[in-house]
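Next come the chains, spelled out residue by residue.
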Amino acid sequence: MTEGPGWLQTSLVYLGAAVLAVPLARLLGLGSIIGYLAAGIAIGPWGLKLVTDPGTILGVAEFGVVLMLFLVGLELEPRRLWALRRPIFGWGSVQLVGSALALMLAGMAFGVPWNVALVAGLALAMSSTAIGLSVLNERNLMPTTSGRSVLSVSLYQDVMAIPILALLPLLALAPAAGAAAAAGGGWKPAALAVAAVLVIIFGGRLLLRPALRWIARSDTPEIFTAASLLLVVATAALMHAVGLSMALGAFLAGVLLAESEYRRELETDLEPFKGLLLGLFFIAVGMGIDFAVVREHPLVVAGVVLGFLVVKTLVLFAMARLMPIPLQERPVFVILLAQGGEFGFVVLQGAQAVSALPAETASLLVASIAISMLLTPLLLLVADRWWAPRLASAGAAAMSEIKDEQEAPVVIAGFGRYGQIIGRLLAANGMSATVLDHSAEAVEGTRRFGWKTFYGDATRLDLLRVAGAGRARVFVLAIDDVEQSEECARLVREHFPQATIVARARNAEHYARLRALGITHIERETLDSALMSGRSVLELMGATPHAARNSALRFRRHSVELLEEMAPHINDEARLIAISKRGRAQFEQTWARERELTARRKGRAGWHAPLADDTGD
Amino acid sequence: MSDVLVIAAHPEVEHSRVNRALQRALAGQARVALRDLYALYPDYLIDVAAEQAALAGAGLVVWLHPVHWYSMPPLLKLWLDEVFTFGWAYGPGGRALAGKDLWLVASTGGPESSYHPSGYNRFFFDAFLPPYEQTAALAGMRWLPPLVLHGAHRVSEAALAAHVNTVVERLASWPRWPELQDLEAAAPCEVPADARPALEATP
Numbered sequence: 012m013t014e015g016p017g018w019l020q021t022s023l024v025y026l027g028a029a030v031l032a033v034p035l036a037r038l039l040g041l042g043s044i045i046g047y048l049a050a051g052i053a054i055g056p057w058g059l060k061l062v063t064d065p066g067t068i069l070g071v072a073e074f075g076v077v078l079m080l081f082l083v084g085l086e087l088e089p090r091r092l093w094a095l096r097r098p099i100f101g102w103g104s105v106q107l108v109g110s111a112l113a114l115m116l117a118g119m120a121f122g123v124p125w126n127v128a129l130v131a132g133l134a135l136a137m138s139s140t141a142i143g144l145s146v147l148n149e150r151n152l153m154p155t156t157s158g159r160s161v162l163s164v165s166l167y168q169d170v171m172a173i174p175i176l177a178l179l180p181l182l183a184l185a186p187a188a189g190a191a192a193a194a195g196g197g198w199k200p201a202a203l204a205v206a207a208v209l210v211i212i213f214g215g216r217l218l219l220r221p222a223l224r225w226i227a228r229s230d231t232p233e234i235f236t237a238a239s240l241l242l243v244v245a246t247a248a249l250m251h252a253v254g255l256s257m258a259l260g261a262f263l264a265g266v267l268l269a270e271s272e273y274r275r276e277l278e279t280d281l282e283p284f285k286g287l288l289l290g291l292f293f294i295a296v297g298m299g300i301d302f303a304v305v306r307e308h309p310l311v312v313a314g315v316v317l318g319f320l321v322v323k324t325l326v327l328f329a330m331a332r333l334m335p336i337p338l339q340e341r342p343v344f345v346i347l348l349a350q351g352g353e354f355g356f357v358v359l360q361g362a363q364a365v366s367a368l369p370a371e372t373a374s375l376l377v378a379s380i381a382i383s384m385l386l387t388p389l390l391l392l393v394a395d396r397w398w399a400p401r402l403a404s405a406g407a408a409a410m411s412e413i414k415d416e417q418e419a420p421v422v423i424a425g426f427g428r429y430g431q432i433i434g435r436l437l438a439a440n441g442m443s444a445t446v447l448d449h450s451a452e453a454v455e456g457t458r459r460f461g462w463k464t465f466y467g468d469a470t471r472l473d474l475l476r477v478a479g480a481g482r483a484r485v486f487v488l489a490i491d492d493v494e495q496s497e498e499c500a501r502l503v504r505e506h507f508p509q510a511t512i513v514a515r516a517r518n519a520e521h522y523a524r525l526r527a528l529g530i531t532h533i534e535r536e537t538l539d540s541a542l543m544s545g546r547s548v549l550e551l552m553g554a555t556p557h558a559a560r561n562s563a564l565r566f567r568r569h570s571v572e573l574l575e576e577m578a579p580h581i582n583d584e585a586r587l588i589a590i591s592k593r594g595r596a597q598f599e600q601t602w603a604r605e606r607e608l609t610a611r612r613k614g615r616a617g618w619h620a621p622l623a624d625d626t627g628d
Numbered sequence: 654m655s656d657v658l659v660i661a662a663h664p665e666v667e668h669s670r671v672n673r674a675l676q677r678a679l680a681g682q683a684r685v686a687l688r689d690l691y692a693l694y695p696d697y698l699i700d701v702a703a704e705q706a707a708l709a710g711a712g713l714v715v716w717l718h719p720v721h722w723y724s725m726p727p728l729l730k731l732w733l734d735e736v737f738t739f740g741w742a743y744g745p746g747g748r749a750l751a752g753k754d755l756w757l758v759a760s761t762g763g764p765e766s767s768y769h770p771s772g773y774n775r776f777f778f779d780a781f782l783p784p785y786e787q788t789a790a791l792a793g794m795r796w797l798p799p800l801v802l803h804g805a806h807r808v809s810e811a812a813l814a815a816h817v818n819t820v821v822e823r824l825a826s827w828p829r830w831p832e833l834q835d836l837e838a839a840a841p842c843e844v845p846a847d848a849r850p851a852l853e854a855t856p
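Sequence lines, in order, name chains A and B. First residue of the first sequence? That's 12 in this note's numbering, and the numbers climb one at a time after it. First residue of the second sequence? That's 654 in this note's numbering, and the numbers climb one at a time after it.
No wet-lab data here; the hints were simulated from the structure. Keep in mind the model is a prediction, meaning the values are calculated, not measured. Ideal placement from N, C-alpha and C gives every residue a C-beta, glycine not left out.
Not everything, but these chain B residues come out facing chain A in the computed CB check (under 10 Å): (1) Asp696; (2) Tyr697; (3) Leu698; (4) Asp700.
Here are the simulated SDA-like pairs of lysine to any residue, each with C-alpha atoms no more than 25 Å apart in a straight line: (5) Lys592/A to Glu576/A; (6) Lys730/B to Ala563/A; (7) Lys730/B to Tyr697/B; (8) Lys730/B to Pro556/A; (9) Lys730/B to Pro783/B; (10) Lys592/A to Ala702/B; (11) Lys730/B to Glu667/B; (12) Lys730/B to Arg677/B; (13) Lys753/B to Glu832/B; (14) Lys730/B to Phe566/A; (15) Lys730/B to Gly740/B; (16) Lys730/B to Glu605/A; (17) Lys592/A to Asp700/B; (18) Lys730/B to Ala558/A; (19) Lys730/B to Arg565/A; (20) Lys730/B to Ala554/A; (21) Lys730/B to Leu564/A; (22) Lys730/B to His557/A; (23) Lys753/B to Trp796/B; (24) Lys730/B to Thr555/A.
Given only the sequences and the hints, what does the whole structure look like? Please build it.
This is the structure we're talking about:
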């Protein structure tokens, strides 16, 4: 156990535990969060004792929560955040104050002193942002009413954690310690905090986009990833330095970048880090459960867990009814907010530091919160099996409300000359589309033009997923590179079968390859413009405009039919040549015969089939 | 095997009430083949061979359209121009449609009362139909008494449902319609050889 550097050992244990436990948990239908928590318990001081000091890893793991809030911020444009101000401050305070007061009264009813009961109430009223938002993401519930409500309440709790920590000294059991801690206040830290927020807001507005553009132009994907991470780390460090919540700062930075063209790319780059670090965070929570306390006072712990879950559930039910949240979304809303959360740990830690809480009570509460977090995924499973089916039939009508919040039903991959025309036609018809392009310059240019475009590589499955391909009705494949187009088509066919692909083909071979993937709406990019030019030539050579048009359209139909016939034999060159020869011969015969007929029927205009007598020549 | 061919033509079927309801009802009928011209040929490029093949298998041809400017929508007229060709539908050897029945199911915006010498349409509706009748005659088809729904914008739901039902029933029971008992088969309509320039003439 002593050889090799420490970090190697640690990574081995954590990664090994996660890789074993998470797939097992998913296999049992329990979800990844339970897997991480179980892995934590298994390797922790109460399991195999592979890790004995979970505190060391918790600091790193908390960065997962920071990253997650940055990503949540990326999804929320400032306009939408402003629209959320009422749920955040209104319903957020109802939840926090309501739950804390109810819990405090319940505690006092059991004979707990009021100040201890208040601290405990505040700590237990917090809900896990990490679990809440992970579940919302896993279930794609972010755009729903319940999703936004959970997010609003979580944000409010994150905001309030700071004043609560500041207030703790006033609730201290020993007044001397409290006074000492409270003396730290003053105008200077407050001014610094305001300055930091201003730096983030103006820096985000003015500097970040040009900086990201410059980095993107270097065309080095890993440097863009590094820049994404650096951005979040720097924001978190700045907020930490002035004593504000790191997660909140990251959230703010995310909101500021939500309107930028790099949003999707940032999301995609940070997603795996977020996932792993959050996993680490859950492992740390699992390791942190103090089973000694549980073993000593099993009934008290069970009572506290059950008690605070019931009290919070009652408050949340009342809220869900008044807000109102659609019936079938209520289970998720209630369960996600009823659990305890990581900010509860922070509050308890702070309370212990200023001795506002006896150490034993604190560890008992920590264990209760951790257990409630462990219970949450299980409760969700139970709700899925028994609760949701009953609500589904009752509230079918309410589901239609969420439509406007969903992603655009059209995704356009490739926004060059081809994709832009499609986008403009859609916009002219009042439709919106999510647009993806891999070139930073093209994205910048088209945005100046007034289009909402995102920078990213459309052959990456994860990026396609964030762009909303999973919900798109139509996927426009307008990428100019043949290889990438095929790769992207394959991914979309395989992973998002609900989307109909409308594809641009560079040439006949590309057409045939796309056809082989089962795509039916394919257009060769030069065919129609060349035919339009052909019409002009025919007209200049004496054909009437209408005759030229008919000729071009009929040529087009023949050409498409011939290509359709050739497509299945894309790899058989001899066959292709034979079909193409025969096709051309047929075509020329038909044309020659018609020219002959026209020539014979003097005075009869054009390429038309002969007309009935009385229509007049 | 469907022996009833419905040629439907409505340039803005998404705004239509009567024609859309009829098309929807007919799409599911066993003996009916429905060809929605504006859906098949949005670019006005009619596949003449396919249309002639569809006509070949039909005993009853139905034209289903709204009356626009006292006549048929332009794509149906183009269809007629391109599909009913000389030497196929009429003229020497043009017997492909002979013996078939042709039935018009139309709707008008104006109420029935407007199709009257004292109304703003000034003529009885029948006065607009001779071109249809003669088209049928030239192709050797029997012209059946048309079914016209007047005042299509204001017609009640009940009346519309009754109209749809009538059409569905009629297509199902053709040719056992009471009024067809005394309707004679169409007489061949010969075109004199010197009525138009011959195809084989040298320029």
